[in-house]
Amino acid sequence: MSLAVLELNDQALLIHTEQGQCLSEPGFAQLTTKGIETGEVARSVAWRSPQASFNQYWRQLNQLPLPSSQRWARHNADIAFAQIQQLLKGVNAPQQLILSVPGSFSDEQLSLLTGLIEASSSQLHAVIDSALAAGLDCQNPTWIVELQLHQAVVSLIQPQNHSGQASIEIVQQELIPDLGIMTIYNSVARHISNRLVTDHRYDPLHSSEGEQTIYDQIPTWLSTLAIKPEITISVSSPKGELPLVLRKNEIAELIEGRLSKLTDILKISEKTEVHFTQSGALISQLVSRFATAQLLSATQGSQNCFLAGQHISSESQQLHRIRSLKMGLLSDKIKANHTPQEIFASHLLYENHAWSLATAVSIYLKNDQLSIKSGADKNAALIVVIKDSELSVLHQQSGIDVRLPRDSQPGSAIIIAGHQVNLIEVNHA
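Heads up: the sequence shown runs through residues 643 to 1071, numbered per the numbering used here.
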C-alpha cells in the first residue's frame, strides 16, 4: 500500500512518497473562470490579479463565506481542498497519507482537515506535529523554527525518559503571528523600492506589474546573497533597466529587525540547540546570530516519518495530533540516517558535463529536454546547491515530477521528469 507524507507549511507545501517522488508548491491560489489554480502558477500572477488571488487560506482554514461570492469556492476550506487534490494527483494519488502539520493549526482546523482528506482519494493514516517530525533525531533539548507564509512556529523538542521508556516530546510551543516569509519579502521589497526612488525616482511597487516583477525575483536574490556579500540586480521600468546593488549586511539588518520575538523565545544555552527547517533557511543563512544553527533538509521531516512508521502507526489509532513518540532504538536509527557522510557530492553530471554545486545550479526542462546552467534562475524547473554537506532545493516549479536522493553522496541522482542527473565528487588533487 503506497504511503506519502504531506507537510502543510504554506510557504512550501510538500508531498513526499516512500518511492521518492517529491512535489512542492506555495500556498497561493487564483480563482479563475475555469476553476482554482494553486501553487507557483497562482503565485506568478498574484500581484497582477490581486482581486482573484488568495494566500491566507491555510492560516485561516475555515468554512466561513469568502468576502465576495466565487463560482468555484465558498470558503477557504474549498481552496485548501483544491490544493490538496493537486498535490495528491502530482504523486499518483497515494493510498495512505501522513499529515505533518505545524503547531499553529487549531483542533477545529485539524478536524476540518480530516474531513478534507476523507473526501480525497487517499486514506488518512496519521497526523503528526511537523516540528516533532523534523526533530525526531534530537539528542538534546532543541528549538525547531518553522517559517510559514505569514507566521512562524517555534517548538522546544526534548528527549524524555519515563520509567526507563525513552521518548521525544514537544514540551513548549510558541506562535509568532507577524513573522512569515512574506514579512521578510515585504521588507526587502520596500527596501528595494526606497533605493530605486532615491537613485532613479522610480517606485516599482506603484504598479501591479512592477510588484509582480519584484516579488518574482526576491527569492532568487536572497538565495544568492546567502553565498555572496553583494549582488547587482536589474529592475525593469519604463525608463529601461535600472541597476541596483543589494548588500548582504543591509538585508540581514532588515531581517534581524523582525526577529525580536523569536530571539526572546529562543533561550539558547550550552545544552539547547536551534534547528531551522528549510522554511527558515534565509534567517539561518543571512542573520549572523543564527550562523551556528543547524539547517534541516527540506525532506528531513518526511524521511523521519518513513523511518518511524511503526511508532507513528501505534500512536495513530484515534488520529489525534502526535506530539510525542516512544523511541527506543529508533532515535539512533534516524540519527544515523541523517549523519553527513565524510564524502559528499561536489558536482552535478549530465551528458558528460559537470557543474559545481558549491553555488546554485539551475536545471531547465523544455520540450522534455534538460539543460543546466550555473547560478540561480527563477525560470528554472529546479535550483539546487550543496549546503552543509546536504543537497538543498532553493526553488522547484510545481507540476514537475522530481525525485530527490536521500543523501548527497556521489553515485546518487536527481530524477526530473524521467531524466537522471547524477551527483559526483570531483577530486582536484
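To be clear, the hints were calculated from the coordinates, so they are not data collected in a lab. Just so you know, not all the hints are guaranteed correct.
Using 20 Å as the maximum straight-line C-alpha spacing, the simulated EDC-like pairs for lysine to aspartate or glutamate come out as follows [as the list claims (entries may be wrong)]:
#  : residue 1 : residue 2
1  : K870      : E760
2  : K731      : E682
3  : K968      : E957
4  : K890      : E851
5  : K1020     : E872
6  : K881      : E915
7  : K870      : E851
8  : K1008     : E682
9  : K1020     : E682
10 : K731      : E760
11 : K890      : D1019
Cross-check of the supplied hints:
1. K870 to E760: Status violated; Cα separation ~47 Å.
2. K731 to E682: Status holds; Cα separation ~16 Å.
3. K968 to E957: holds, 9 Å
4. K890 to E851: violated, 26 Å
5. K1020 to E872: holds, 18 Å
6. K881 to E915: violated, 50 Å
7. K870 to E851: Violated. K870 to E851 sits at ~28 Å, over the 20 Å cutoff.
8. K1008 to E682: Satisfied, since the Cα-Cα distance of roughly 17 Å is no more than 20 Å.
9. K1020 to E682: Distance of about 11 Å is within 20 Å: holds.
10. K731 to E760: holds, 15 Å
11. K890 to D1019: holds, 19 Å
Against the hints set out earlier in the document, violations occur for numbers 1, 4, 6 and 7.
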